[in-house]
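Q: In case you want the letters, here they are:
There are 2 protein chains.
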Amino acid sequence: MSIFAARALAAPDSPSAAVDVFIGTGGDGHCHPGATRPFGMVQLGPDTAHRSHRESYPWCAGYRYEDESILGFSHTHFSGTGHGDLGDVLLMPFTGATRLEPGYPERAMSGYRSRFSHELERGEPGYYAVRLLDHEIDVELTASERVGLHRYHYGSGIAGKLLLDLRTSLYDHKDKNQWARLRLRGDRLVTGMRQTRGWAPGRQLHFAIEFSQPLLRSELHNTEDGIAYRGFRTPGRAPQDKRVLEGTKLLGVFEFGAELPQGQLLVKVAISTVSEDQAIANLAEMPGWDFDAERRAAAAAWDEALGVLEIEADEAMRRNLYTAQYHALQAPSLFMDLDGQYRGPDNQVHRAEGFRYHSTFSLWDTYRALHPWLLLCQSEQRNSDFIQSLLVSQAHSPHGILPVWQFHGLETWCMIGYHALPVIADAWLKGVRGFDPQRALQAMRASAEYAPYGGIGDYLQYGYVPFDLEGEGASKTLEYSFDDWTLARMAESLGEAETAATYYRRAQSFRHLLDPQTGFVRGKSSAGEFRLPFDPTAAGYGSDYTEGSAWQYSWYVPHDGAALVANLGGDAGLVKRLDEIFEAETNAKMYSHMEDIAGLIGHYAHGNEPSHHIAYLYAFAGAPWKTQARLAQIVPSQYKNGAAGLAGNDDLGQMSAWLLFSALGFYPVAPGSNEYVIGRPFVRAARLRLPNGRVFSVRAENYAEENVYVGRVTLNGREHHSSVLAHEALAAGAELVFHMQAEPNKDWGAAPAQRPYTQTPYR
Amino acid sequence: MSIFAARALAAPDSPSAAVDVFIGTGGDGHCHPGATRPFGMVQLGPDTAHRSHRESYPWCAGYRYEDESILGFSHTHFSGTGHGDLGDVLLMPFTGATRLEPGYPERAMSGYRSRFSHELERGEPGYYAVRLLDHEIDVELTASERVGLHRYHYGSGIAGKLLLDLRTSLYDHKDKNQWARLRLRGDRLVTGMRQTRGWAPGRQLHFAIEFSQPLLRSELHNTEDGIAYRGFRTPGRAPQDKRVLEGTKLLGVFEFGAELPQGQLLVKVAISTVSEDQAIANLAEMPGWDFDAERRAAAAAWDEALGVLEIEADEAMRRNLYTAQYHALQAPSLFMDLDGQYRGPDNQVHRAEGFRYHSTFSLWDTYRALHPWLLLCQSEQRNSDFIQSLLVSQAHSPHGILPVWQFHGLETWCMIGYHALPVIADAWLKGVRGFDPQRALQAMRASAEYAPYGGIGDYLQYGYVPFDLEGEGASKTLEYSFDDWTLARMAESLGEAETAATYYRRAQSFRHLLDPQTGFVRGKSSAGEFRLPFDPTAAGYGSDYTEGSAWQYSWYVPHDGAALVANLGGDAGLVKRLDEIFEAETNAKMYSHMEDIAGLIGHYAHGNEPSHHIAYLYAFAGAPWKTQARLAQIVPSQYKNGAAGLAGNDDLGQMSAWLLFSALGFYPVAPGSNEYVIGRPFVRAARLRLPNGRVFSVRAENYAEENVYVGRVTLNGREHHSSVLAHEALAAGAELVFHMQAEPNKDWGAAPAQRPYTQTPYR
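For the protein sequence lines, the chains are A and B, in the order given. For what it's worth, full-length UniProt numbering labels the leading residue of the first sequence as 1, then goes sequentially. For what it's worth, full-length UniProt numbering labels the leading residue of the second sequence as 1, then goes sequentially.
In case anyone wonders, no lab produced these hints; they're calculated from the structure. Just so it is clear, the structure is predicted and the values come from calculations on it, not from any experiment. There may be inaccurate statements among the hints.
What follows is a list of derived Cβ distance ranges for each label pair [stated by the list, open to error]: (1) A:Q240 - B:E706: 49 to 57 Å; (2) A:Q240 - B:E580: 36 to 44 Å; (3) B:G542 - A:A258: 36 to 44 Å.
Idealized CB from N, CA, C, for every residue including glycine.
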């Protein structure tokens with residue numbers, strides 16, 4: 001029976017079965033459908049990217065649902081980033097003649113690429129299968145945390161062959177592959193490494209490939225030309241069997257003959273950032289060769305991780321939510337070997353003691369909702385692992401600061417801010433332990449006071465980041481202010497009154513850039529002048545805003561809504577401005593030069609993070625009914641079933657976490673506040689099993705599409721008049737019930753005392 | 001007082017004082033005058049090479065005595081190789097304006113290079129000093145095993161500056177620098193690494209640089225252009241202080257201000273093949289900042305190592321011999337960190353347990369006389385370290401074979417043969433222990449039976465290496481035969497009769513290539529035909545001979561002199577042919593296309609190893625008086641005082657070891673035989689303190705230039721009629737006395753029983 005016709009492994013009502021791993025793999029989602037474990041190092045799946053793609057951006061994840069041919073199956077991917085790398089250890093099974101070049105998607109059999117069809121393709125959490133139409137090979141993939149497992153169905157009597165291409169990479173460019181090594185060890189093991197200068201220059205990825213059947217024949221190739229010096233690796237000096245090959249453009253061809261049992265070959269690939277020996281050691285994670293058992297284990301891990309959330313909702317929403325949860329549980333991912341060794345931001349090898357080192361911190365995105373969400377659905381140990389990983393990264397940082405955008409242990413300096421601070425503070429304030437808070441506070445201060453980074457020196461001198469001294473000064477000032485506030489919150493909780501006072505003061509820095517004339521936050525020069533002329537739609541790298549315009553960024557004061565209200569002349573002013581944002585006549589062209597600004601509703605760009613809290617700001621002006629209405633606009637338009645269902649890059653779970661929170665009816669506008677702003681639910685009911693074992697449940701009475709508004713709310717059966725949900729109430733286990741209706745209840749949450757922290761700077 | 005006018009540290013009659021570190025640094029010697037310890041990892045000294053030198057060969061060692069300007073001071077060098085690499089971590093102190101490019105030797109101040117003069121230059125074992133004329137800085141250098149120590153005399157009130165250039169390298173070429181990293185750690189420590197693709201591709205060299213005074217200012221530069229992708233390392237994203245920089249063309253500029261105590265700066269540099277952290281840890285080897293104490297310690301280490309040999313000879317010969325001993329005690333050099341970690345031939349990190357890992361094995365050269373010499377003058381522990389280093393290298397070899405030409409733990413595949421076998425067998429048979437001989441035998445067999453390397457598969461199939469299947473087949477067949485014989489010897493001593501028999505048979509393989517018509521050893525095709533036309537002067541890469549011609553290579557059957565005698569029609573035939581070799585009318589042009597064929601006397605090329613045993617072959621024909629006469633020709637013409645004193649590359653001590661043996665009156669023609677062939681002495685007397693504590697002494701009665709010949713020989717006072725000296729007799733402690741005279745004694749050593757193993761294949 002075809003593997004494609006087979007019944008899904010997961011029970012039809014299991015959480016796994018509700019996931020569509022292809023959501024977000026087309027359009028702008030940049031998700032990858034490959035097989036992975038929750039927070040696994042390996043994400044093994046198809047790459048459809050072509051090396052000649054001039055624009056790498058759409059192929060950040062390696063795979064695009066719109067493509068018609070597969071290059072091969074590689075072991076590392078980002079899911080949902082706005083920038084690319086990885087695609088390491090690309091394997092492609094084939095039959096017949098050996099082709100060392102991938103060829104062209106539009107010309108079948110012009111290389112080792114193969115056409116495929118979505119009819120003969122299948123993806124589930126922890127499993128991916130596809131038929132390579134040109135080679136007539138069915139491929140199945142699954143993974144443990146550090147090991148990818150392949151099963152190739154060549155067919156009986158067919159000579160099975162396998163190509164390893166170490167030249168290909170995501171976000172490819174001519175100098176990217178700095179060095180690679182391939183080594184045959186006996187007839188069942190191949191190891192190697194690749195060093196690349198991509199998003200994280202000098203990145204080493206080591207691997208060990210084990211075959212279920214002995215190699216009959218192998219070839220190692222180096223397609224480099226113009227090598228200035230080849231040493232004594234000429235015929236007659238170096239061994240002629242090429243058991244080891246080094247260079248920048250390596251391939252391996254492995255042949256297994258026509259006697260494969262059941263016409264199948266299984267291949268395991270373990271990875272390590274440390275060394276080939278460590279990659280070999282990591283193979284121990286998957287000792288057997290039972291593909292189906294590994295697939296079941298992966299599915300079970302997903303069912304367990306996904307199953308903490310029970311959802312009663314429309315089928316499409318249920319699918320979106322479990323897929324969002326699937327996306328939310330991929331990063332920060334494990335990045336250490338079985339024995340705890342890992343490569344840190346100093347590119348040196350360290351050993352994790354008492355925790356599991358994780359990397360892939362897309363912090364500018366994920367501090368907003370992903371990390372707050374993971375605090376609700378992942379164990380304290382996992383959340384503590386994240387914090388401890390951040391802290392050892394700071395200890396090993398050449399600059400002595402916390403990660404900004406880190407993967408495989410290495411810093412990329414992508415995006416702005418020092419957003420490890422809200423992640424740490426939020427975790428600490430919500431009760432995550434297992435790390436030394438004084439040490440954490442020290443690391444946070446080291447980051448917030450490191451003058452050479454991102455204009456912090458100017459920020460401290462002027463109170464803001466002047467646009468004539470540093471790019472993106474408005475965005476930096478806003479986000480630094482918020483990050484400072486989270487440090488103050490943590491310092492206060494530790495009784496560090498002086499530090500708290502200092503940082504509460506710093507948290508008000510954004511006020512320098514509030515322009516009461518226009519109501520926007522504007523770039524200001526070191527001479528104290530706002531930038532002129534002022535165009536609130538101006539956006540661009542190096543402008544005053546980061547991947548955004550004044551229309552999108554001016555409202556990023558999550559810790560001091562009162563200041564926003566005041567700057568806009570009162571509640572009505574904020575509501576009016578928010579309405580203008582959503583209702584402006586904009587067109588795709590306005591922001592088309594900024595690829596990350598996507599998912600537009602007026603100026604509101606749900607496809608990028610600076611907008612994510614905006615709909616919830618109505619609550620600060622006492623108009624939560626408007627939040628409810630905006631959410632009814634946003635949710636259905638920005639999250640759809642289907643490959644192109646996501647309005648923008650998933651950003652390693654941030655887009656997904658936004659949906660998960662919003663669908664449950666609340667959102668962490670200000671991580672570190674221990675409060676959520678209540679919106680409205682998009683489920684009939686949901687139960688979330690919290691890491692402390694308690695259950696938080698949400699129910700929507702009178703749930704229907706036309707019932708956009710919340711009439712009243714009860715918490716544990718008692719009327720809840722505030723648009724604020726306290727984390728403590730949630731964490732104690734609670735039932736939040738929304739009574740939905742077609743007409744707005746403009747009184748609910750309207751009184752000043754019922755709003756989020758608008759009266760004074762939140763403490 | 002000028003450091004150049006100061007009295008030498010060493011007592012005038014000390015062994016160190018007798019060394020001239022500049023011998024062999026000019027001409028074809030390729031020696032380096034830098035500061036090093038016996039077998040030290042660091043050899044710290046001047047590089048005069050210029051990056052635009054089109055021919056790198058003369059600059060293999062980095063320094064040429066003929067040059068007039070210095071590029072800087074780097075920490076790794078080979079002494080006497082015929083190929084180049086290294087020159088890592090080049091430091092150049094300077095004052096005044098910063099110049100990032102070295103400039104041109106012929107144009108003063110065109111860059112950071114400085115002119116120098118030999119009048120203001122000084123070298124001693126463990127110490128080097130020079131005045132940088134253009135910068136008016138005196139530089140002193142010394143070293144421990146893993147740490148180089150610099151002392152710069154900028155002068156009082158002068159702002160001291162220091163340039164670090166990670167771009168320069170020996171045997172430079174455009175793609176050589178694959179990656180480098182520089183990192184400031186506080187104000188006294190800089191670490192980094194460089195990865196190069198040179199003689200050993202993918203080589204990593206990590207370092208830690210510590211300053212005696214705090215940095216006032218520093219700059220890190222990357223002069224790469226045309227970088228395809230720079231990531232987010234643009235202004236405004238990455239920190240602006242550049243505490244860490246990565247790239248392929250890095251420099252650092254370090255400024256210390258004008259307040260340096262006594263106008264001096266000291267700099268320590270530790271290296272490691274493992275990691276920057278390990279380099280930092282290696283700094284612990286030299287905890288203090290007392291330059292003079294470190295210099296004294298280095299001198300003491302040399303005096304101890306050199307002092308095992310006491311020499312009474314002409315001043316020039318004494319200088320040559322102590323310099324030869326100095327050269328002989330540099331490689332194989334230590335290549336592990338303080339904690340035993342090292343990088344092996346698999347480019348993975350290992351830890352040496354119970355021995356000290358050494359690398360830089362130039363085995364094709366050094367198995368002949370250097371290793372036999374080190375067995376006589378270095379501790380059993382050191383010799384056992386060599387063997388154990390070879391054995392772990394085999395264990396970690398991707399091919400499972402012993403090193404061929406290894407440095408910094410990595411294989412280069414330079415030259416031919418599996419000459420780790422004679423090194424191991426000779427050591428074992430002469431009593432070196434501390435390793436498992438069965439394990440060693442297994443490693444030796446693995447190397448000798450590895451078909452893919454150097455035509456071994458063909459060698460086993462045909463009994464020789466056919467020229468139509470593999471280059472340099474005649475040389476390979478000859479050397480494999482000898483290597484096989486050493487394996488047989490070791491197997492026999494272990495009671496492995498079957499292996500011994502097999503390898504004694506293999507040791508006769510050379511007979512396939514003996515041509516009784518011409519008396520030469522000739523290339524033979526797989527069809528069994530000698531190569532036609534036959535030109536015994538033909539030499540070239542890929543020809544039948546390795547860096548030689550039939551005239552030079554045909555006599556390499558050290559283990560079976562009888563076969564040579566027979567092929568040449570008897571004793572007279574061999575003597576006649578040997579005379580033809582030395583007396584042929586040759587000219588430099590004949591071999592000028594092969595840079596290693598140097599030091600010609602007829603066809604005899606003392607500058608390269610295949611000739612090294614030839615003068616001793618007269619003894620096999622019962623004519624040792626002719627050996628005596630030839631040595632009197634060779635020694636004065638090939639070894640002279642002065643920078644250009646060596647006739648060819650020192651080859652990491654092999655040329656020097658030849659002189660040391662020959663000057664003492666004997667030579668290890670066949671390592672593994674435990675016998676030496678007696679020549680004639682070039683000293684009045686010598687005492688060698690053996691590692692077992694006994695003393696072997698040599699005395700020459702009637703020593704005078706005109707007394708070329710040996711009249712009689714006594715061993716421990718008894719007449720010694722044989723031209724063979726048994727190792728056992730030497731090792732027991734003995735006195736060998738030569739009675740020199742002007743006329744040959746043609747009877748001494750003439751009788752068949754008095755000759756080296758000519759009657760039967762030696763067992």
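Q: Each hint: holds or not?
A: A quick look at each hint next to the structure:
In this structure, Q240 of chain A and E706 of chain B meet the distance hint of 49 to 57 Å, their C-beta atoms being roughly 55 Å apart. The hinted window of 36 to 44 Å between Q240 of chain A and E580 of chain B holds, with their beta carbons roughly 37 Å apart. Take G542 of chain B and A258 of chain A: their Cβ atoms lie about 39 Å apart, and the range 36 to 44 Å holds.
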